[in-house]
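Protein chains: 4
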Amino acid sequence: MAGSSYGNSFTITTWGESHGPAIGAVIDGCPAGLPLTAEDIQKFLDRRKPGQSRFSTARREDDQAEILSGVFEGKTTGTPISVIVHNQDQRSRDYGRIKDCYRPGHADYTFDAKYGIRDYRGGGRTSGRETIGRVAAGAVAAKLLQRLGIHVTAYTKAIGGITVPESAYDYECIGDNPLYMPNNEYAAKASAYLENCVKNQDSSGGMIECIIDGMPAGVGEPVFDKLDARLAKAVMSIGAVKGVEIGGGFETARMTGSVNNDEFCMENGYIRKKSNHSGGTLGGLSDGSRIVLRAAVKPTPSIAREQKTVDVHGEETSITITGRHDPVIVPRAVVVVESMAAITAADLLLANMGAKMEYLEKIYRR
Amino acid sequence: MAGSSYGNSFTITTWGESHGPAIGAVIDGCPAGLPLTAEDIQKFLDRRKPGQSRFSTARREDDQAEILSGVFEGKTTGTPISVIVHNQDQRSRDYGRIKDCYRPGHADYTFDAKYGIRDYRGGGRTSGRETIGRVAAGAVAAKLLQRLGIHVTAYTKAIGGITVPESAYDYECIGDNPLYMPNNEYAAKASAYLENCVKNQDSSGGMIECIIDGMPAGVGEPVFDKLDARLAKAVMSIGAVKGVEIGGGFETARMTGSVNNDEFCMENGYIRKKSNHSGGTLGGLSDGSRIVLRAAVKPTPSIAREQKTVDVHGEETSITITGRHDPVIVPRAVVVVESMAAITAADLLLANMGAKMEYLEKIYRR
Amino acid sequence: MAGSSYGNSFTITTWGESHGPAIGAVIDGCPAGLPLTAEDIQKFLDRRKPGQSRFSTARREDDQAEILSGVFEGKTTGTPISVIVHNQDQRSRDYGRIKDCYRPGHADYTFDAKYGIRDYRGGGRTSGRETIGRVAAGAVAAKLLQRLGIHVTAYTKAIGGITVPESAYDYECIGDNPLYMPNNEYAAKASAYLENCVKNQDSSGGMIECIIDGMPAGVGEPVFDKLDARLAKAVMSIGAVKGVEIGGGFETARMTGSVNNDEFCMENGYIRKKSNHSGGTLGGLSDGSRIVLRAAVKPTPSIAREQKTVDVHGEETSITITGRHDPVIVPRAVVVVESMAAITAADLLLANMGAKMEYLEKIYRR
Amino acid sequence: MAGSSYGNSFTITTWGESHGPAIGAVIDGCPAGLPLTAEDIQKFLDRRKPGQSRFSTARREDDQAEILSGVFEGKTTGTPISVIVHNQDQRSRDYGRIKDCYRPGHADYTFDAKYGIRDYRGGGRTSGRETIGRVAAGAVAAKLLQRLGIHVTAYTKAIGGITVPESAYDYECIGDNPLYMPNNEYAAKASAYLENCVKNQDSSGGMIECIIDGMPAGVGEPVFDKLDARLAKAVMSIGAVKGVEIGGGFETARMTGSVNNDEFCMENGYIRKKSNHSGGTLGGLSDGSRIVLRAAVKPTPSIAREQKTVDVHGEETSITITGRHDPVIVPRAVVVVESMAAITAADLLLANMGAKMEYLEKIYRR
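Protein chains in written order, with numbering that gives the first Met the number 0: chain R, 0 to 365; chain E, 0 to 365; chain A, 0 to 365; chain S, 0 to 365.
Honestly, the hints are just simulated from the structure, not real lab data. Hints are supplied without guarantee of correctness; some may be wrong.
Identical chains blur together in the list; that is why a pair holds if it fits in one copy or across any two.
Stated by the list, open to error - 25 Å max Cα-Cα, derived BS3-like pairs, lysine-lysine:
#: 1; residue 1: LYS307; residue 2: LYS188
#: 2; residue 1: LYS273; residue 2: LYS42
#: 3; residue 1: LYS74; residue 2: LYS98
#: 4; residue 1: LYS307; residue 2: LYS273
#: 5; residue 1: LYS198; residue 2: LYS74
#: 6; residue 1: LYS307; residue 2: LYS74
#: 7; residue 1: LYS273; residue 2: LYS74
#: 8; residue 1: LYS307; residue 2: LYS361
#: 9; residue 1: LYS361; residue 2: LYS188
#: 10; residue 1: LYS361; residue 2: LYS198
#: 11; residue 1: LYS273; residue 2: LYS48
#: 12; residue 1: LYS361; residue 2: LYS98
#: 13; residue 1: LYS273; residue 2: LYS98
#: 14; residue 1: LYS42; residue 2: LYS198
#: 15; residue 1: LYS48; residue 2: LYS198
#: 16; residue 1: LYS188; residue 2: LYS142
#: 17; residue 1: LYS188; residue 2: LYS273
#: 18; residue 1: LYS142; residue 2: LYS307
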């Protein structure tokens, strides 16, 4: 499979460039009978829209989702769901330096190395707009999961050095602040930090956390398609993500087994764990606890300062990136992480239906 | 695809349980004409062998690799390479508690939840012996990469809190110490720490670093099959790995763009970067620099202390895990990380051959 | 993979229903640097257009292809090519009986059995319009093949009992007659036969033949992805195709080995075969000869006569299908067979690039 | 995916050459809890064993199946099932002409063209022994299907010109005659014909028919993974098969719609068809009727007569193939066709479990 598809059972294929006529996704393998409207998808897309705070670009991206297939009389039919978003901003302009220079921290050079040709307009396929397809598909996956009592939530864990400790989490206020932080005071601090970044013609990295509640135990495939391995790929495939961890993550490297092991106990007749250092997976399968993952997001590579680089002819030069750019990618990537986690969960739930004969007999035996 | 296969072009399928008659791998898609012997594979397997230091188990696992197909007169033929390793230690024994109890930090419970049946002997499919198939395949991939001037090297970056700083690296001594650390003094400190762990009936986590040198620029697929996304999945799919990062990784979350961006420059007529915070990938494609990834490995869950848990009947109980177990997984997992990285690199190099018409014309045009 | 994608390296994903807003395809894995315009695709689409003869429906399907991504300055960029065709005829109308009844020979009943919901308007996803996506992708594949000197041609071999014998082939006149037959006299006979079918409120089956010239020897994958196996799947996946054969096909069942075997000989320094009963494949790999396949196409199931059937409530009833329908599917399916063959050939040519180390060294060794 | 794997959910990977140490298959994705023994597999393998009649080779191939993984205490565990069959006949011998010459009708030339290297001993990977892995996997699939009330049966429909008409079928006697024909008198006639072939140093083609009973309606995936398309690929991938048809097959090309359409009716409250020209599929999904497919098998290419050919150096020469060879491939291929059909059915039944939300809710909703 060429790289623009993801998932084996719930499969998404995305397409489109930043400045082409449109961008979209095809979602194949979504079970029939799921209520779905364009509005469900729009809600997700609106969360990645710029212009919601002074830290996201002023560019107008009034992305309207249209469903072209796979839904009939308000329900999915089991056939591929094609979602399209028309690009608003395709006006011809001067891409001057971007066309001829390799921007540091961007994929200009590597795309030329791979393909020998590059749609340089606004980053082409490597633009952040590529995530529109992911988010549209994520909205469908999230709808499916909800019907099964499974909920995915992502939020900003840290911006630069400002990290919200777990003890200060208030999930209720994630939507209250434009940074999608689960604590408004930390959000205020992060805002101040970002203003400083902008003043310095600089940008900031950060961290996104994502939780999945309600996942039944046993989901994921052993060995290569472990739930955590699949989540790692899904989230690391988002541009700018440079690290992924599950549960204790990198902290477990410093821990001892007696601390890290989660003891099992019984709770109202159900098997539960006393702690959750595992982050909800054991042996790559969900263990019935909350699934917790974190993604490290690098600082926006587009900064206003002059940077040294080389041009397409192999001459050393320097570049100053003009235009407005978000000083931090994190807030707009929150819904992308949530989407990729939802798609992964939906895909593995479908794969898991063949885990035991008991399930086949439940469905096929007459 | 069920979860026991990995890779699209260079595809491996592994099989086998800890205490079944044998364990193995099928490698499909390896190009014809690669010189290959059982000895090539044995060298890799020997690196994951226990009993090489006092921190690995005394169990005798004299794993001998046999090639059953796909090689003729010392060269690969392009047909699937089947490698088998017979399990030595299959004697019937008393698995008593493991059979009826869910060990904390292990996959006993989640396998029962998924399949309703579990081969409890020595962990069955979830045993560390599952990695034998990965390492056998990794040896083949590494051989292929070498022919193209690409080299993969993994080593122990940290054990518990003992971390080797990059400034102290001496790659030459990785093989000198049983912990596969790139510095013998740090290895000595780590050994002392591990002895203390054993004394306390406890275990330790750690960190593995892996580098790939010589990768041409442009390898990887945009969007979902990015080189870093694929490496993340490959490495996170190794049991006990709880986090993966590329280049600056989680540190980039705290960095600013002006620091994190790697400026381009010219070096002997080639495009190079002045720094490598990217860890060798930009936009998910190799950028011609060294590829650098790190994996966090949790502490061995099997510890000698008594732990609380529940049994298969849903009764709370406690368990004391007997037998000798490595106090740290890291040293034996080093070659597994190297193998998964090599397999991923080989797979994406093959996928990349279709990137441009120029390549097709080079091969097919008469 | 859910069923709307085809191909591993050159991958197409199609979507869309007969009476939705649009129908389309995403082509992923097309090498960069291939000259491509909407006109290239339009030419292929025009060949499946109805209304070209009195044996195709009078419905207006003025299908205009638009390329939404993956092409920049007239060349493919290596990123997914999204092609869309807007449906012209979406007006609300009375689907009455089709909504409530299962048409004999159609997929109405099986879709309800599978999904429990069905977009009954014009057949929804099971409409012949589904092939638009295949043909758009086929045009791209054909363009790629041409650059490598490979040519795919399909034509009508038989309609009802009127079969053009190989001795009467004149490839030049395929485009001369509306039935796409390689002989105008046979085409005239077939026309007369079809007029009679229409008079009888009946329809006719037929046979399509497809040849691939210029395929280098050795393309295809042994065992499950043999070139002929892949062609069989590709062509049998076209609605209404009930049989596929390669070379001698079903005739070989009656032959003896001494007749069927093609002896090898030398021709201008090249290895050739004295005959081509194999149809261009040996052991599932191309043998350097012309590839020849035939597909049997069933009669159009929509006929004007009253037919007995059952309704969605499980009551026996009868149905008379109104509206104009082609009395034969064959002529419009010719370009669909050609497209599926081209896509398969392109996909396997890409897969074959990893067949030997020599190819990798040609591309990667510095 | 390289070509040695088949199936997306129920996935088989086969490996092994004719004269290597062993041959085998890995079956991944088989649901846990299916009772399975080596004996189940042996029964299938015995059906492809030579030496059962005077028309199969006298070579001793006492193929004993061993299960190496995936089964515990008599039941599948959900992990990959590895089956191995050791090759008995590996003695070094003189392969003389086969090594240097391209046998007409064999894959010697095409393998050299693809890989530049070929294991010439007994045909290597292109030997009929390659089907051992398919049959082992087919036995597992058949066992799974039986538990759901689905039964697959293949038999010899024709040898040379001797075709058993449907009116003469007696399924009871398939196992009675060494040709696996459903009529002993036709089998006797076919035997006489084959003796004549042997006398003439020649061989014969034939036809295999396969039926699947008990398949619920709605199984298969629309568009590219139609049940009939998948069966076509599965069966065409068997060496020597040159054509595949479903239901009316090539006959439908000559038929009219009023004859070919199967009218629906009610039978004991179930929707049924009055005839079965469709062969059990409509729109690529099972329609609840018996699934019927036929495969054309070419004559054994190894014949005793001298044949003209070329050698590996490009010199014209002639070859006389020594050793005993079956004068017909059909009887031994019957169980291979049955196996491929069973694997395909099992794979699509698993895929179909995600067809509607109702199924997911049945399994996951608490």
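### Task
Hints the structure violates: just list their numbers, smallest first.
Checked against the structure, the hints that fail are numbers 1, 2, 5, 6, 7, 8, 9, 10, 11, 12, 14, 16, 17, 18, while the rest are satisfied.
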